[in-house]
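J.: Sequence:
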Amino acid sequence: MRSNAAAPAAIVLLVLAGLLVGLGSILQPAVTLPLTLEVGVLGGLSVALLRREQDPATRRWLTRLLVVALVLRIGLALVLHLGLTPYFFAPDAFTYEFYGNQLAEYWRGLAPFPEFLKGRTEIGYYVLNGVFDFLFSESGLALGILNSFAGAATAVMTFYLGRILLGEAAGKAAAVLVAVYPSLVLWSVLNIRDALTTTVVTFCVLTAARGLRGMRPGAVAQILVALGVLATLRDYLALLLAGGLLLGWLLSVRRGRILPTLVMGTAVVVGVAFGAEQFGLLRRVPVEDPLESVENIRRDFQRGGSGYGQEYSTATPEEALRYLPVGVAFFLFGPFPWDQGSALQTATMPEVLLWYLLFPLFLIGVRLALTRGDRASLLVVAVLISILVPYALVESNFGTAYRHRAQILPLFFLFTAVGIRRLWTNWRQTSRSHRSRLRAGGQPSAVR
Numbered sequence: 034m035r036s037n038a039a040a041p042a043a044i045v046l047l048v049l050a051g052l053l054v055g056l057g058s059i060l061q062p063a064v065t066l067p068l069t070l071e072v073g074v075l076g077g078l079s080v081a082l083l084r085r086e087q088d089p090a091t092r093r094w095l096t097r098l099l100v101v102a103l104v105l106r107i108g109l110a111l112v113l114h115l116g117l118t119p120y121f122f123a124p125d126a127f128t129y130e131f132y133g134n135q136l137a138e139y140w141r142g143l144a145p146f147p148e149f150l151k152g153r154t155e156i157g158y159y160v161l162n163g164v165f166d167f168l169f170s171e172s173g174l175a176l177g178i179l180n181s182f183a184g185a186a187t188a189v190m191t192f193y194l195g196r197i198l199l200g201e202a203a204g205k206a207a208a209v210l211v212a213v214y215p216s217l218v219l220w221s222v223l224n225i226r227d228a229l230t231t232t233v234v235t236f237c238v239l240t241a242a243r244g245l246r247g248m249r250p251g252a253v254a255q256i257l258v259a260l261g262v263l264a265t266l267r268d269y270l271a272l273l274l275a276g277g278l279l280l281g282w283l284l285s286v287r288r289g290r291i292l293p294t295l296v297m298g299t300a301v302v303v304g305v306a307f308g309a310e311q312f313g314l315l316r317r318v319p320v321e322d323p324l325e326s327v328e329n330i331r332r333d334f335q336r337g338g339s340g341y342g343q344e345y346s347t348a349t350p351e352e353a354l355r356y357l358p359v360g361v362a363f364f365l366f367g368p369f370p371w372d373q374g375s376a377l378q379t380a381t382m383p384e385v386l387l388w389y390l391l392f393p394l395f396l397i398g399v400r401l402a403l404t405r406g407d408r409a410s411l412l413v414v415a416v417l418i419s420i421l422v423p424y425a426l427v428e429s430n431f432g433t434a435y436r437h438r439a440q441i442l443p444l445f446f447l448f449t450a451v452g453i454r455r456l457w458t459n460w461r462q463t464s465r466s467h468r469s470r471l472r473a474g475g476q477p478s479a480v481r
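Going letter by letter, the sequence shown gives residues 34 to 481 in this note's numbering.
Simulated from the structure, these hints should not be mistaken for lab results.
Hints should not be assumed to be uniformly reliable.
Stated by the list, open to error - Restraint ranges, calculated between C-beta atoms of paired labels, are given here:
#1 Leu143 to Arg97: 44 to 52 Å
#2 Arg246 to Thr96: 25 to 33 Å
#3 Val104 to Ala348: 45 to 53 Å
#4 Gly261 to Ala81: 21 to 29 Å
#5 Arg461 to Thr96: 24 to 32 Å
#6 Val258 to Gln87: 23 to 31 Å
#7 Leu354 to Glu384: 28 to 36 Å
#8 Arg400 to Pro62: 50 to 58 Å
#9 Thr379 to Gly116: 34 to 42 Å
Unchecked claim - Pairs of lysine to aspartate or glutamate residues, derived as EDC-like cross-links and limited to a Cα-Cα distance of at most 20 Å, are as follows:
#10 Lys205 to Asp88
#11 Lys151 to Asp125
#12 Lys205 to Glu86
#13 Lys151 to Glu71
#14 Lys205 to Asp407
#15 Lys151 to Glu138
C-beta: ideal position from N, C-alpha, C; glycine also.
Construct the complete structure from the given sequences, taking the supplied hints into account.
T.: Written out as structure tokens, the structure is:
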């Protein structure tokens, strides 16, 4: 079409689009506004942040990664929130939406402040639900969109963290895993706090890894603010992450004594975490003994239909040490293919089998990283262990462990990407050597 003929048609289409958006904002604000206003604002912010990347090739690659991650997530969010039901995968989303609505009603002057939220430290996600309910009349899809962008941002941050650790190729492989891994996609389209939690954890580790080259006051402030935000989502995880970052810093300055520092540091982190439980800093009701706290939390988790470890106890140091290897195995590898107790566990099987294939590559990557002794790699290992050990001690429900494992999957994938790169390099070298031998063996013998 000629430009003078196309212009009126474009104007008419824009007017119709504006009318449809306006009408939808009146009739279905909880659907229309997240898909227009929220996507527009968050999309514009994402583009602005990507423009900070100086290398054009890297910026184009990250843009494609972001688009793929967002298409997967927003598409699934629309299917679940508008076609199926998100509560099948995360029934606790209803709790966030219910109390978020009560908060919105309180802000509108129509109801008192919810009793359930008084005195709670982990109030952040309820407040987010209240804000989106206040703005859009409902919070389910709106927070699904926000979490989708958070999940996509986590993939981008994983790239930068991987590039700091072991090079751009490893960063790209890790970022792709984060962008498309099934559980990370699923948790970032539901109205639950896991996606934001994972984003904040990855941001803190990335900022700390950059700071190892020269920590600046601004970076310290960013980490402290991020830990404060994380405390409003999961207070115990904020404490474990802070301990892991400090332990990683100690490892970076004492690289000649990695194992003793790691063991002692992990013990201190676990002790501080459960000491905080004892004095009521992370719970409203204090307990007499940190190990009793561990045991009580485990028993609470076991009340679900997918509990495990009922035959074990962690009430004494000896029992806790005896259970730790079992708890680590359950946390990392459950739910097991041979022990299917629910439809949700059955639905996780494809990813669980994929995880079993990836985990040996993670071990290869960790070995290579520790052999190099890179300070950033030691930092990530310290954070992983500082979070993994307490989780392994208190988790006793497959569903909870499966979700909590996703919070640190980007850190696992950093080393998994290194293992993938090493496997790929070895395969290429073997193939090249094999082809060379074939060519050498196929040379015709000299004619006398």
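J.: All hints, please: hold or fail.
T.: Status of each hint after checking the structure:
| no. | hint | in the structure |
| --- | --- | --- |
| 1 | Leu143 to Arg97: 44 to 52 Å | holds (46 Å) |
| 2 | Arg246 to Thr96: 25 to 33 Å | holds (26 Å) |
| 3 | Val104 to Ala348: 45 to 53 Å | holds (49 Å) |
| 4 | Gly261 to Ala81: 21 to 29 Å | holds (24 Å) |
| 5 | Arg461 to Thr96: 24 to 32 Å | holds (28 Å) |
| 6 | Val258 to Gln87: 23 to 31 Å | holds (26 Å) |
| 7 | Leu354 to Glu384: 28 to 36 Å | holds (31 Å) |
| 8 | Arg400 to Pro62: 50 to 58 Å | holds (53 Å) |
| 9 | Thr379 to Gly116: 34 to 42 Å | violated (21 Å) |
| 10 | Lys205 to Asp88 | holds (15 Å) |
| 11 | Lys151 to Asp125 | holds (19 Å) |
| 12 | Lys205 to Glu86 | holds (15 Å) |
| 13 | Lys151 to Glu71 | violated (30 Å) |
| 14 | Lys205 to Asp407 | holds (19 Å) |
| 15 | Lys151 to Glu138 | holds (16 Å) |
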